Amino acid sequence: MNNVIANILRFFVLLLVQVAICQHISLFGYMTPALFLLALYLLPLEMPLSLQYVIGFATGFVTDAFAHTLGVSSFACTLLMFLRPYIVRMLNGANNVKFENIDRPVPGVKDFRWVFLYTLTLTSIYEVVAVLLETMTFKNFGHTLLVIVGNTLFSVFVILCIEYIFHSRVKNEP
Amino acid sequence: MNNLIEFFKRAFHIIVLAVLLILSLVMLGKSLSFNEYRISRAVQGVVGPIQKGAAGMVHKLRLGPENEALVQQNIELMREHENMFIEKEDTVMTAMSTPDSTNRSQVRLYDYTYAHVIFRTVDRAFNYMIVDKGARDGISRDMAVLSPSGVAGVVTDVSQNFATVRPILHPESRISAVVTPANQNGTVIWEGNDPGVAYLEAIPQHSEINIGDSVFTNGYSNIFPKGLLIGTVKEVQVGNNASFLTIKIKLATRYTDIYTVYLVENLFKSELDTLKANFKDE
Numbered sequence: 001m002n003n004v005i006a007n008i009l010r011f012f013v014l015l016l017v018q019v020a021i022c023q024h025i026s027l028f029g030y031m032t033p034a035l036f037l038l039a040l041y042l043l044p045l046e047m048p049l050s051l052q053y054v055i056g057f058a059t060g061f062v063t064d065a066f067a068h069t070l071g072v073s074s075f076a077c078t079l080l081m082f083l084r085p086y087i088v089r090m091l092n093g094a095n096n097v098k099f100e101n102i103d104r105p106v107p108g109v110k111d112f113r114w115v116f117l118y119t120l121t122l123t124s125i126y127e128v129v130a131v132l133l134e135t136m137t138f139k140n141f142g143h144t145l146l147v148i149v150g151n152t153l154f155s156v157f158v159i160l161c162i163e164y165i166f167h168s169r170v171k172n173e174p
Numbered sequence: 175m176n177n178l179i180e181f182f183k184r185a186f187h188i189i190v191l192a193v194l195l196i197l198s199l200v201m202l203g204k205s206l207s208f209n210e211y212r213i214s215r216a217v218q219g220v221v222g223p224i225q226k227g228a229a230g231m232v233h234k235l236r237l238g239p240e241n242e243a244l245v246q247q248n249i250e251l252m253r254e255h256e257n258m259f260i261e262k263e264d265t266v267m268t269a270m271s272t273p274d275s276t277n278r279s280q281v282r283l284y285d286y287t288y289a290h291v292i293f294r295t296v297d298r299a300f301n302y303m304i305v306d307k308g309a310r311d312g313i314s315r316d317m318a319v320l321s322p323s324g325v326a327g328v329v330t331d332v333s334q335n336f337a338t339v340r341p342i343l344h345p346e347s348r349i350s351a352v353v354t355p356a357n358q359n360g361t362v363i364w365e366g367n368d369p370g371v372a373y374l375e376a377i378p379q380h381s382e383i384n385i386g387d388s389v390f391t392n393g394y395s396n397i398f399p400k401g402l403l404i405g406t407v408k409e410v411q412v413g414n415n416a417s418f419l420t421i422k423i424k425l426a427t428r429y430t431d432i433y434t435v436y437l438v439e440n441l442f443k444s445e446l447d448t449l450k451a452n453f454k455d456e
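Residue numbers (our numbering), protein chains in the order written: chain A, 1 to 174; chain B, 175 to 456.
One should not assume that every hint holds.
[Unchecked claim] With a Cα cut of at most 20 Å, we get these calculated SDA-like pairs of lysine to any residue:
1) B:K204 x A:E46
2) B:K234 x A:C22
3) B:K424 x B:L441
4) B:K204 x A:E134
5) B:K204 x A:L16
6) B:K408 x B:K422
7) B:K226 x A:T69
8) B:K443 x B:A309
9) B:K234 x A:L160
10) B:K226 x A:E134
11) B:K234 x A:A20
12) B:K262 x B:E445
13) B:K424 x B:P355
14) B:K234 x A:S26
15) B:K234 x B:E250
16) B:K443 x B:P322
17) B:K450 x B:R298
18) B:K400 x B:P322
19) B:K234 x A:L16
20) A:K110 x A:A20
21) B:K226 x A:Q23
22) B:K422 x B:S381
23) B:K204 x A:T69
24) B:K307 x B:D285
25) B:K226 x A:S26
26) B:K422 x B:G386
27) B:K226 x A:L15
28) B:K234 x A:E46
29) B:K204 x A:F12
30) B:K204 x A:M31
31) B:K234 x B:V245
32) B:K307 x B:D431
[As the list claims (entries may be wrong)] Some chain A residues well away from chain B (every beta-carbon gap over 10 Å; in silico):
33) I5
34) M31
35) P48
36) V72
37) W114
38) H143
39) F157
40) V158
Think of the hints as simulated: they come from the structure by calculation, not from any bench. These numbers were taken from a predicted model, which means no experiment stands behind them. By construction, the Cβ of each residue, glycine as well, lies at the ideal position given by its N, Cα and C atoms.
Assemble the whole structure, with the sequences as input and the hints as a guide.
Here it is in structure tokens:
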């Protein structure tokens, strides 16, 4: 129960920070961090899949509403929630365990390398989908690619910073 | 039948996924077509107020740079005002030139720059201000200092990076002024300790001065351009001992919250000063 409240609170705070601050940042004119993705990344893996999709969609919808890009982020986030279990399974590799309580995608439970790759993979997927949907064209593809890479790196950096600042004292317990 | 239910149970999340993805694409398609506003307008009704609040917060952080830009723009506009120029007429008239326009030219007499007040006093007998620009930025002695609302003072001392300004709130401050609509010339001085009030001297008894009349610079000093607001008449007393009125004026510049000031340079200052000095010598 405690976990549920923490998750809801995290969604609110991160979405607020996203629409109030992050969306207005454009480093070098094009790099905008997608910090709100962190809320999705930290969702428990054992949640019912359909609920995960709905949460992903709703989160995307809120950011879309504030960025005037209806549909873009909703699509990307829903897709992200669909792909997430596969990414986790891939990263777990040889010691592939069923999703149990212990398999949480958080620092402390997982080592830095795992968390970094997890964040990087999911963020790149999100940015590729979102940026392509937003531009809707392959014209000037060099710049589009630059935006994707820039956004991804900036987002991953911000997400990891926030994640490690607030999770450094999470104990490795089930 | 049981099989069908079982299938739905297992495939439920896939159906949810498909529905959500299709919904996203539909929204995307709608928002891309320009004549379909309904969804975005409904969303905007909810989001708008929140966004306005957030934008306001961000805007506050950006006020500094925006202010600088506006000051810059102000200067551009102020530089084009007619009191910045003097009219010259060519002495050589050619047969071709028409008398009205072609042989006339405007020569720039004054130029503007700006600075920020970093220190000021208002409650002393001898007040002064310090601004954040100096000789390196082209500030020189006797440049006029204006606040956004009116005349503020004169530069009295310049160092490499800073300059001292003597505001009107100083016993030695004298600014030649004209009071309208009576059109009488006088001098604005300050005495006492009220940072909002100064006196207008040398206005003859017979002039009709009303409360609320405006006091402007008259441009005689070669420091201030003509027609800048100094203040408004607050009180008129008919003195019994002299032939002049005692006029209290409310200063336009609010010294208590002065920050951005405009500095006016007379481009022919040295030339005019030489003439004046020569006249005194004779």
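Tested hints:
no., hint, verdict
1, B:K204 x A:E46, "35 Å, violated"
2, B:K234 x A:C22, "16 Å, holds"
3, B:K424 x B:L441, "30 Å, violated"
4, B:K204 x A:E134, "13 Å, holds"
5, B:K204 x A:L16, "26 Å, violated"
6, B:K408 x B:K422, "5 Å, holds"
7, B:K226 x A:T69, "17 Å, holds"
8, B:K443 x B:A309, "16 Å, holds"
9, B:K234 x A:L160, "29 Å, violated"
10, B:K226 x A:E134, "23 Å, violated"
11, B:K234 x A:A20, "13 Å, holds"
12, B:K262 x B:E445, "16 Å, holds"
13, B:K424 x B:P355, "17 Å, holds"
14, B:K234 x A:S26, "18 Å, holds"
15, B:K234 x B:E250, "25 Å, violated"
16, B:K443 x B:P322, "24 Å, violated"
17, B:K450 x B:R298, "33 Å, violated"
18, B:K400 x B:P322, "16 Å, holds"
19, B:K234 x A:L16, "18 Å, holds"
20, A:K110 x A:A20, "31 Å, violated"
21, B:K226 x A:Q23, "14 Å, holds"
22, B:K422 x B:S381, "15 Å, holds"
23, B:K204 x A:T69, "11 Å, holds"
24, B:K307 x B:D285, "16 Å, holds"
25, B:K226 x A:S26, "19 Å, holds"
26, B:K422 x B:G386, "11 Å, holds"
27, B:K226 x A:L15, "16 Å, holds"
28, B:K234 x A:E46, "43 Å, violated"
29, B:K204 x A:F12, "27 Å, violated"
30, B:K204 x A:M31, "27 Å, violated"
31, B:K234 x B:V245, "17 Å, holds"
32, B:K307 x B:D431, "19 Å, holds"
33, I5, "23 Å, holds"
34, M31, "17 Å, holds"
35, P48, "7 Å, violated"
36, V72, "6 Å, violated"
37, W114, "25 Å, holds"
38, H143, "20 Å, holds"
39, F157, "21 Å, holds"
40, V158, "17 Å, holds"
Hint check: violations occur at hints 1, 3, 5, 9, 10, 15, 16, 17, 20, 28, 29, 30, 35 and 36; the rest are consistent with the structure.
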